[in-house]
Amino acid sequence: MASSFSRILSSRRNVGLLSLVGGSVAAGFLLRRERVTAGEPLRRRYPASADYPDLRKHNNCMASNLTPAIYAKLCDKTTPNGFTLDQAIQTGVDNPGHPFIKTVGMVAGDEESYEVFADLLDPVIKERHNGYDPRNMRHPTDLDASKIHSGVFDERYVLSSRVRTGRSIRGLSLPPACTRAERREVERVVVDALAGLKGDLAGRYYSLTQMTDKEQQQLIDDHFLFDKPVSPLLTCAGMARDWPDARGIWHNNEKTFLIWVNEEDHTRVISMEKGGNMKRVFERFCKGLKEVERLIQERGWEFMWNERLGYILTCPSNLGTGLRAGVHVKLPLLSKDPRFSKILDNLRLQKRGTGGVDTAAVGGVFDISNLDRLGQSEVQLVQTVVDGVNYLIECEKRLERGQDIKVPPPLKQFK
Amino acid sequence: MAAMKNCHNDYKMKFSVDEEFPDLSKHNNHMAKILTKDIYNKLRGKSTPSGFTVDDVIQTGVDNPGHPFIMTVGCVAGDEESYEVFKELLDPVISDRHGGYKPTDKHKTDLNFENLKGGDDLDPNYVLSSRVRTGRSIKGFTLPPHNSRGERRAIEKLSIEALASLDGEFKGKYYPLNGMTDAEQEQLIADHFLFDKPVSPLLTCAGMARDWPDGRGIWHNDNKTFLVWVNEEDHLRVISMQKGGNMKEVFRRFCVGLQKIEEIFKKHNHGFMWNEHLGYILTCPSNLGTGLRGGVHVKLPKLSTHAKFEEILTRLRLQKRGTGGVDTASVGGVFDISNADRLGSSEVDQVQLVVDGVKLMVEMEKKLEKGESIDGMIPAQK
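Protein chains in written order, with full-length UniProt numbering: chain A, 1 to 415; chain B, 1 to 382.
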């Protein structure tokens with residue numbers, strides 16, 4: 001089964017995109033813009049001006065940055081796999097805006113999208129990531145959990161702690177563009193590697209096409225089961241094609257480390273626990289990620305990563321660390337204080353309802369997590385969450401005692 | 001027109017057919033029943049001149065394993081050539097869907113409304129409204145699953161020009177979805193004319209809702225009896241309708257209006273897609289032939305609960321739907337009754353079946369109201 005893929009890999013090795021000597025850092029270094037050759041140009045029936053989308057009612061990062069000139073320049077370009085600009089922006093054309101957040105409005109179909117469509121993606125990335133300029137900045141990666149301090153929260157306030165990220169397998173197209181064969185290969189590579197995890201990480205894979213009703217019910221009860229995407233942000237980008245073929249969930253026996261296969265990204269990696277021990281959650285997260293990386297490298301694969309953009313994922317909003325570290329925390333008094341939003345902004349945190357993005361808070365319990373993804377390392381972002389949540393809990397306690405609280409000064413963005 | 005290269009499909013050919021063949025084990029649609037690995041293997045390297053491939057054809061059927069009420073088709077055409085390039089898949093699908101229609105069969109087109117017998121005397125106490133719809137595709141453009149924004153806009157522009165030149169009973173106005181005022185929108189909703197962005201995954205998975213509402217709109221005549229949808233599931237959907245049971249008049253207006261529109265498109269060198277084997281070419285293989293659905297909203301509370309109701313419909317070559325259209329259930333004993341066939345018989349044939357069949361069913365309903373039996377009235381298979 002691996003035969004056609006090893007053929008593809010060896011041709012990519014010749015282009016210099018992959019190097020097993022020196023691991024991902026060297027490979028990322030080799031994937032410079034000059035080295036990526038685009039695919040054959042498209043022949044279009046109509047001039048660019050006839051196909052330029054009507055974005056007058058739109059409010060997303062793609063619509064803010066896609067000028068007719070950029071469209072004309074990029075509209076006949078393709079990545080080596082044949083992914084086009086029209087495909088990249090389709091989700092943003094079909095979804096003019098979101099009530100709560102300014103959406104990104106475009107996706108990558110493969111690693112090369114970020115190079116071939118850089119004239120659009122670079123300004124979109126800069127806008128979404130608060131000024132991070134991929135043309136002249138470098139993204140730091142740091143998965144050394146021992147550097148986290150004060151990472152255990154007061155459990156009278158923090159109900160649960162969670163860290164998630166995504167990883168893509170280099171050499172295979174991303175969910176908006178992947179063929180059924182590629183998606184199945186992602187599943188095989190990942191499941192094969194996960195089978196090598198041991199100790200507290202040992203676990204099991206549940207394929208969406210093959211799970212029994214009983215297994216399905218258990219996964220629902222554990223709040224692990226992910227469903228076919230219904231959000232048009234995802235379906236219009238083609239990520240739900242062929243559902244549920246090659247999709248599945250892996251989790252360790254202790255139910256503290258979970259991996260989604262072929263949902264919005266090749267993999268989504270989640271470490272979570274009830275209670276406030278964010279340090280332990282992050283330790284397991286880093287350990288698990290490094291183990292999985294080692295196991296796929298043993299088999300000749302690696303994660304998509306480069307120095308400019310960090311870990312490469314489908315949505316530009318998840319570049320860099322792809323990391324969202326958060327807690328469910330009780331802040332009934334603070335959340336009613338008019339300064340709450342400003343405090344969160346200055347701490348570089350965001351709030352969501354406990355159902356995740358697109359939901360509202362229930363009973364004064366909020367999902368609080370880091371705002372940033374790109375330009376700071378995993379350790380930096382988790383420490384930001386730790387410091388921020390500790391501050392929020394302090395505020396809540398002060399308000400309980402009838403004392404006043406202070407809005408902290410704004411944190412610096414890129415360290 | 002030289003062929004467009006499909007780079008993504010070339011890339012896909014590096015993977016084996018085993019690796020790419022979809023998992024159809026839980027599927028129940030026409031495509032899934034026909035598509036073998038062998039057929040897939042023969043077709044996967046091909047593409048139409050505009051770049052449409054077999055994976056594009058079948059995506060909607062892969063993503064939608066089945067429908068609770070009906071056996072869906074599970075595939076679409078992206079352009080006129082799809083029906084030729086992918087005939088190994090589409091011919092058997094067409095045969096299954098259209099009662100054994102063979103690749104060598106010829107389809108008869110008859111839009112001469114004078115050939116319809118009767119149809120002006122359906123009892124309005126039972127028949128609440130009458131309607132005939134069809135679709136038309138404009139030659140030289142690709143179809144909704146595949147067309148670009150530029151193409152869709154060109155179709156809209158051409159359609160607006162054509163419709164603007166209609167006069168007399170057909171004089172009317174175009175309302176682009178993207179530019180209508182709130183007042184216009186409310187009026188169109190009140191008239192039950194406004195179509196919405198498709199939500200059915202059967203359509204969205206086939207890519208027909210891309211770029212909504214760009215290039216979409218509704219045209220109707222001042223009398224509100226003749227209506228054209230632009231760029232919804234097909235390039236054009238043409239609808240003639242009115243309250244009451246005068247199907248003859250509805251069909252007359254339908255035929256006359258269609259022919260006027262076709263003349264104008266032909267003058268612009270963009271006639272309708274048609275051939276003598278498949279009739280009018282539309283996006284969904286289920287709408288080939290006449291693309292015609294002629295129907296009524298009719299009150300049949302007693303007949304619809306009769307044990308032989310389904311059988312009667314089948315013998316009359318009719319189908320029932322709820323009054324919200326396909327995917328809905330009937331309300332208050334009122335049914336949408338229309339022709340089941342599209343391909344292999346003409347427009348006149350199909351509307352004749354509706355007229356004769358509904359007339360018979362209304363008589364059956366009246367008999368049942370009087371407590372009498374209808375056993376002697378059960379028709380033979382048409």
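Simulated from the structure, these hints should not be mistaken for laboratory data.
Since the model is a prediction, treat every value here as computed from it, not as a measurement.
Among the hints, a few may not be true.
Claimed, not checked - For lysine-lysine, the following BS3-like pairs were computed, each having C-alpha atoms within a straight-line distance of at most 30 Å:
id, chain 1, residue 1, chain 2, residue 2
1, B, K33, A, K228
2, A, K228, B, K157
3, A, K77, B, K102
4, A, K214, B, K26
5, A, K77, B, K157
6, B, K14, A, K77
7, A, K102, B, K173
8, B, K173, A, K57
9, B, K173, A, K228
Structure-based check of each hint:
{"no.": "1", "hint": "B:K33 <-> A:K228", "in the structure": "holds, 24 Å"}
{"no.": "2", "hint": "A:K228 <-> B:K157", "in the structure": "violated, 38 Å"}
{"no.": "3", "hint": "A:K77 <-> B:K102", "in the structure": "violated, 43 Å"}
{"no.": "4", "hint": "A:K214 <-> B:K26", "in the structure": "holds, 19 Å"}
{"no.": "5", "hint": "A:K77 <-> B:K157", "in the structure": "holds, 28 Å"}
{"no.": "6", "hint": "B:K14 <-> A:K77", "in the structure": "holds, 21 Å"}
{"no.": "7", "hint": "A:K102 <-> B:K173", "in the structure": "violated, 37 Å"}
{"no.": "8", "hint": "B:K173 <-> A:K57", "in the structure": "holds, 24 Å"}
{"no.": "9", "hint": "B:K173 <-> A:K228", "in the structure": "violated, 41 Å"}
Checked against the numbered hints listed earlier, the structure breaks hints 2, 3, 7, 9; every other hint is satisfied.
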